[in-house]
Each structure stands twice: as C-alpha cells, then as structure tokens.
Amino acid sequence: MSETALADSAVRPGWARSLGARFSGLPVSYWGTAALLICAGIARPNLLQPFLLFLILRQAAPLGVAVIGQSLCIRLLSLDLSFGGVALVVSYILTSGYFPFPEPVLIVICLVFGAAVGATNAFFITRLRASSVIVTLAMVLILGGVVTAFSQLRAPGDSPEMLRYIGQARIGMIPVTVLVWLAALIPMALFLRLSVFGRYVDGIGANPRAAWASGIPYVRVIFTAHILSSLFAVLSAFLLVGFVGFGSLSIGADLALNSLAAVILGGVTFGSGKGGMLGPAVAAFMLMFCFNLLTSVGLGEPGKEMAQGAIIALAAIGYAARGARRGL
Amino acid sequence: MTAHRVRRFGRSGLGFVSIGLPIVMFVLLSLTAPEFFSLENIGNVNNQITALLIVALGQLMVALIGGIDISVGSVVSLTSVLIVSLDPSLAAPAALLLGATIGVANGLGVAFFGVHPLIMTLASMTFVQGLALLLLSGAGGTVPAPLILMAKSSVGEVPVAFFWCVAVIVGATILLNHSRLGLRIFAIGGNAQSAELSGIRVLTPRLACYTLCSLAGVVAGIYLTGRIASGDPTLGQPFGLDSVTAIALGGVQLSGGVGSVLGAVLGTITLGLIANGMNLLGVSPFFHAALTGVLLLGAISLQRRKVIGI
Chain A
4 MSETALADSA VRPGWARSLG ARFSGLPVSY WGTAALLICA GIARPNLLQP
54 FLLFLILRQA APLGVAVIGQ SLCIRLLSLD LSFGGVALVV SYILTSGYFP
104 FPEPVLIVIC LVFGAAVGAT NAFFITRLRA SSVIVTLAMV LILGGVVTAF
154 SQLRAPGDSP EMLRYIGQAR IGMIPVTVLV WLAALIPMAL FLRLSVFGRY
204 VDGIGANPRA AWASGIPYVR VIFTAHILSS LFAVLSAFLL VGFVGFGSLS
254 IGADLALNSL AAVILGGVTF GSGKGGMLGP AVAAFMLMFC FNLLTSVGLG
304 EPGKEMAQGA IIALAAIGYA ARGARRGL
Chain B
1008 MTAHRVRRFG RSGLGFVSIG LPIVMFVLLS LTAPEFFSLE NIGNVNNQIT
1058 ALLIVALGQL MVALIGGIDI SVGSVVSLTS VLIVSLDPSL AAPAALLLGA
1108 TIGVANGLGV AFFGVHPLIM TLASMTFVQG LALLLLSGAG GTVPAPLILM
1158 AKSSVGEVPV AFFWCVAVIV GATILLNHSR LGLRIFAIGG NAQSAELSGI
1208 RVLTPRLACY TLCSLAGVVA GIYLTGRIAS GDPTLGQPFG LDSVTAIALG
1258 GVQLSGGVGS VLGAVLGTIT LGLIANGMNL LGVSPFFHAA LTGVLLLGAI
1308 SLQRRKVIGI
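Protein chains in written order, with my numbering: chain A, 4 to 331; chain B, 1008 to 1317.
Hints are computed from structural coordinates only; laboratory data are not their basis.
Backbone N, C-alpha and C define an ideal beta-carbon position, used for all residues, glycine too.
Keep in mind that the hints are not guaranteed to be accurate.
[Stated by the list, open to error] Only some residues are given here: those of chain B computed to face chain A with a beta carbon under 10 Å:
hint: 1; residue: L1105
hint: 2; residue: T1108
hint: 3; residue: V1111
hint: 4; residue: H1123
hint: 5; residue: I1126
hint: 6; residue: A1130
hint: 7; residue: A1255
hint: 8; residue: S1262
hint: 9; residue: G1284
hint: 10; residue: L1287
hint: 11; residue: L1288
hint: 12; residue: P1292
hint: 13; residue: A1296
hint: 14; residue: G1300
hint: 15; residue: V1314
[Stated by the list, open to error] One side of the interface only, derived from the structure: several residues of chain A facing chain B at Cβ under 8 Å:
hint: 16; residue: S81
hint: 17; residue: P107
hint: 18; residue: L109
hint: 19; residue: I110
hint: 20; residue: V138
hint: 21; residue: I145
hint: 22; residue: G148
hint: 23; residue: T151
hint: 24; residue: F226
hint: 25; residue: T227
hint: 26; residue: I230
hint: 27; residue: T298
hint: 28; residue: P305
hint: 29; residue: G306
hint: 30; residue: G312
hint: 31; residue: A323
Let the hints inform the model, and build the full structure from the sequences given.
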C-alpha cells in the first residue's frame, strides 16, 4: 500500500472512502450536468423553467437515440460514424417526393435501408477486418455524395404527417419525442443488462482476445451491434425530420460527433468493458443544455464548436488518466 | 509464401493495386479524354494534388506509428485564416507555431495520456475548426503578393507547384529513409512494445510524428491560400479524410509499420486522376465524394488486419 493510501486510510473513515470512490467513479456527464444546472441557475435562471427544460430534452432526444447505438459499438471496441449519411438518406427518402408510397411504407423502407447500411458496415469491419473508423467514414462519403448528386441541390419537401406529430406533439408537458427516446432507451438498457447478448457485449469490451478464446460469438455480436446502431440512427433521423418539419441536406451532420462526445462523457470507454446506458443518455442532455447555455450567453456556432472539442478532449484525457492510475 | 506477401513488397506496403491503379487510370484517361495528355491539363493535375500530397505525407508519418490525424484539415483552414488575418511578416511563423502546438497537443493526448488517436484528433479538429470560424466567418481577406507568386507562378513551362511537390517528397524521403527518427518510426509502428524494450524512447518520435503532420497541414494551408488568393475558414475540410484515403490507396497500413513515401505519392496521384478524369468526362462533381468513399472502402478491404474494430 502506498504512503498516500496509508495516510488516507488513517484519516478518513471507511464509509467516507467508499462514498468518495463511488462518486469519483461516476461518469463525467453526471458531474457536468449538475455543474451546468448550477451555472445556469446563477447566470441564466430562465433556462431552468420546466417548459424550457422539456424543450431541451426534446432537442436532445434524436441525439439520445443515436447515442444508444454508438455506445453499443464503442463498448465493443468499434465505432459508427455513418450516422450523418444515414440521416441524410432517410431525410431524402421521406421528403424528396421521389418515392410515391404511403408514409408507413416509407418508414419501413428507411428501416430496411438502415439495416442494410449496418450490415454493410459490419461486413467490412468483421469479414474484411477493415477499420470501423474508415469504413463508416467512407460510408458517409458514399451516402452523402449520392444523395447530394441525386437531389442536385433541389429544395426538399415537408416531412410525413406522422413523423411531424411525433416530433412536435406533447402529452401534457412531456414531448412525444422524449417518450420515444425513453421507449428506445429503457428496453435496450434492460436487454443489455439481462440478456446473454449483453453479457457477450461486456465480455468482448473487457477483453476481445479472451472473449474470442472462450468461444463467445464475437463476429456475430459485432455484426448485430452495427445493424442495431444503424437502426437507431434511422430512428434518430425520424425524430430529427419530424422535429424540423422538412427535409434538409445538412440534417444530422453533427450527429456522429455529438454521439461520440456523449458516449465518452457518459463513461463508456474503449477497451474497459464498462459503461451503461444512463450515463450517455444524461450526457446527450448535458451537451444540448450546454449548447443552449452557450447560445444564451451570446456564444455563436464557432464558440460552441470550440467548447465541444475542448469538452471531448478533456473528458477523454480525464478517463485515460484515471484508467492509467487504476491500472497502476 | 503467403498471399499477403505476394501482394505486397516488404515494409513499403507497395503492391500491385497501389502501383497498378494510377497506371491503369492514366492509360484509361489517355484513351477516353483526348485533352488529358495536354501539358496544360497535366499542370492542372499537379496544381490540384500539391496540397493533398503535402498533407498525405504528414498523414503518412502518423499512420506509420499506427495513429491517425483527422485534425489536419482544420489546421489547413486555420492557416488560411491566419495568413489573411495577421501582419504578412508574422502570419507564416504564427501559423507554424500554432500548427506545432496543435501537433504537440495531439501527440501528448495520444502518446502520453493514452487517448485513442481518433478521439483526440476529432476533438482537436472540432476545436481548431471552431477557432478558424471565430477568426474569420467567411471566405475573403487579402493574401500577400509574394505568397501568391510562390504558389501560382511558373518557371519556364513548369508550374511552381511541381517544385513544392519535389521539395516535400525529398524532405519526407530523407526523414523516413535516411534518419534515426525514420528508423524509430518504423520500429514503433511495427511493434511499439518491442521497440520500447529495445531501448527506443517511444514518446518523442510519436510527438514528432503528430507535430510533423500538423506542420504539413500548415505548409499545405500556406500553399493553398496563395493559390486561391483568399482566406477560407473551411478550406481544409476535405483534407482530413482525403489524406487518409490517399495513403490507404498507396498501400500504407493504418495499423502502423508499413508504408512509404512513394505509396503516399501514388495514392495522391490516383485521387488527383480520379478528380481530373471525372471533370474531363463531365461526371457530376457530387459523385466525386461517393467515388472517393468507394475507393477508400476498396483500398482498406485489401488491408486485412488481425484485429476487429476501431
């Protein structure tokens, strides 16, 4: 035992040490959200009105849904950066008017498309052993290029009625979008906690080699995770298109980067096998609240980008340093 | 001999695909587009690929140690902004200093703190892009005349861009093949643990690679700003991924230890020929990104790794 630890144990009682360890082990998103709420309470108390908080939650819902898929991939030491491309195609299918089908059929087409993109990503990552970063970034290039070429910068149309309702309606004070987010988050969290698939995810994330050697269906799990991730990206795009009310060629452009930031802030780290679903969900809210707070104090888009970059870097360095300390 | 060895030639990573692809494209374009072989068009291709070549050589350094730097595009953008925002005598030194600082920050994050290179450079990319947009919200500004001359003039019939290319290729070759740093880079990329056990200090070369990559971004930014004679805060956006595509097409293994200057040059030429060919054949420029993506997928599919994932 080191001198510091000995001194610590002599001074602090056991319950305090255990409480301290528990708090220091919490994801950054919990601390960050609390700190931001306190800052807002001092600088911009209006932001804490329930109505505005629900509005921010509604803004955070598409990101929160995308984060579910991203966190699954990251727990498996993979990554999905193709969200922007998927959202773009979904927006195009739903709003371009080129597909003369009823709304439910369009939604099914989008889901099938999402599954196909996920399967393609997974094929390259698992069968051809290509880097998930490069594969999913290449996918964004392909999807974005094709959609932009086909749309020829033509103004897209309105989003389907059903999605507009989901994106904009409320039940009491609670936006329907937030309920959709919870409806995706809670079953997925329970599934990962209680199912064999969830155990596989934990095992592979903690030690891929050991998981492989012990007979866990490594490739199948990663394949499934990427398909699920793309399906969550499609669901996220539904919420975005419904919320905005019309299609756009820039829809979901920052979804991949923000989801990555939220997952890191939410306590999911590459290679540790640790991390839940609640931390990243809180981080999605935290990021949106942070952006709103920065906007309310007059910081423009560039300032927000800088803050976003700094937050990701500091959180990643913090986790890496904490992991290294524990490893020692 | 394994199929892997048949396809590739040693640690250079050069293979039939990386060498054959630009040759095939050259032949195809010569046959399908009569104006391709004109001196003017070849000069245009040279002008178009120079900035990408500089960035790709920087990316090569990072890739050889098993890293990736996607922030280099933002460094190009920031350089462009600084060139038109600061006093002409201070602009280039300030850009180089800032570029070196960004490179050191990336290197420290990755090599010292152990952050994944993608996460670290994604974060710095966002920060630096925000900074560039904060300093200059849109394209504009005045570029010093000597800089425009350095990027756009010709020596006889030869565009000055050719000399920029020769200079960076010679510099990168000396650094990688004829210096201790180069040897250490290949050793670390091959197996960092073995290199460390053999007495090589791993931290310094890694820091050097990220710093060199950012400095390459600064040089490319200076050249490009002179060429377009205007500052642009989003000038470098495609370079982060295009540089990765270029080196991947040139047979550079992104897992480290395998790659060459010649591979990076051939990969860049391939991308340049694709863009030029699509232009000459009248294909929609929007398909350029899609084709780059398809090529990137094709190139990395030929680089089967041992691990699955990131």
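Here's how the hints hold up against the structure:
Annotation: interface hint on L1105(B) violated; nearest CB of chain A at approximately 14 Å, more than 10 Å. The criterion of a C-beta within 10 Å of any C-beta in chain A is not met by T1108(B), whose closest approach is roughly 14 Å, and the hint is violated. With a least beta-carbon distance of about 13 Å to chain A, the hint placing V1111(B) at the interface is violated under the 10 Å criterion. Checking H1123(B) against chain A: minimum C-beta separation of about 6 Å stays under 10 Å; hint holds.
Hint status for I1126(B) relative to chain A: holds, with the closest Cβ pair at about 5 Å, below 10 Å. For A1130(B), the suggested interface contact is upheld, since its CB lies about 4 Å from the closest CB of chain A, less than 10 Å. Of the supplied interface hints, the one on A1255(B) holds, with its beta-carbon coming within about 7 Å of a beta-carbon of chain A, less than 10 Å. Here the hint on S1262(B) is kept, as its CB sits about 8 Å from the closest CB of chain A, short of 10 Å.
Violation of the interface hint for G1284(B) is found here, the shortest Cβ-Cβ separation to chain A being roughly 16 Å, above the 10 Å cut-off. At about 18 Å, the closest approach between the beta carbon of L1287(B) and any beta carbon in chain A exceeds 10 Å, and the interface hint on this residue is violated. A cut of 10 Å between beta carbons decides the hint on L1288(B): the least distance to chain A is about 15 Å, and the hint is violated. Given hint, P1292(B) at the interface with chain A, holds; its Cβ is 8 Å from that chain's nearest Cβ, closer than 10 Å.
Satisfaction of the interface hint for A1296(B) is found here, the shortest Cβ-Cβ separation to chain A being roughly 4 Å, below the 10 Å cut-off. At a threshold of 10 Å, the smallest CB-CB gap from G1300(B) to chain A is about 3 Å, leaving the interface hint in force. Taking 10 Å as the C-beta cut-off, the interface hint given for V1314(B) holds, the closest approach to chain A being about 7 Å. The beta carbon of S81(A) comes within 5 Å of a beta carbon in chain B, closer than 8 Å, and the hint placing it at the interface holds.
Using the Cβ-Cβ criterion of 8 Å, the hint placing P107(A) at the interface with chain B is not satisfied: the shortest such distance is roughly 29 Å. Because the closest C-beta pair between L109(A) and chain B is about 23 Å apart, greater than 8 Å, the hint is violated. Annotation: I110(A) was flagged as interfacial toward chain B, and the flag is violated, the nearest CB pair being 25 Å apart, outside 8 Å. At its closest, the beta carbon of V138(A) sits 7 Å from a beta carbon of chain B; the interface hint therefore holds under the 8 Å criterion.
Here the hint on I145(A) is kept, as its CB sits about 4 Å from the closest CB of chain B, short of 8 Å. Against a cut-off of 8 Å between C-beta atoms, the interface hint on G148(A) holds, since the closest Cβ of chain B lies about 3 Å away. With a least beta-carbon distance of about 4 Å to chain B, the hint placing T151(A) at the interface is held under the 8 Å criterion. A least Cβ separation of about 10 Å between F226(A) and chain B goes past the 8 Å threshold, and the interface hint is therefore violated.
Among the interface hints, the one on T227(A) is violated; its C-beta lies about 13 Å from the nearest C-beta in chain B, farther than the 8 Å criterion. Residue-level restraint check for I230(A) is violated (minimum Cβ-Cβ distance to chain B is 15 Å; threshold 8 Å). Proximity of T298(A) to chain B is violated relative to the hint, the smallest CB-CB distance being about 14 Å (cut-off 8 Å). Given the 8 Å rule on beta carbons, the hint for P305(A) holds: about 4 Å separates it from the nearest Cβ of chain B.
The closest approach between the C-beta of G306(A) and any C-beta of chain B is roughly 7 Å, which is under the 8 Å cut-off, so the hint is satisfied. Contact between G312(A) and chain B, as hinted, is supported at the beta carbon level, the nearest pair being about 3 Å apart and thus within 8 Å. Satisfaction of the interface hint for A323(A) is found here, the shortest Cβ-Cβ separation to chain B being roughly 4 Å, below the 8 Å cut-off.
Violation of the numbered hints given earlier is confined to hints 1, 2, 3, 9, 10, 11, 17, 18, 19, 24, 25, 26, 27; the remaining hints are satisfied by the structure.
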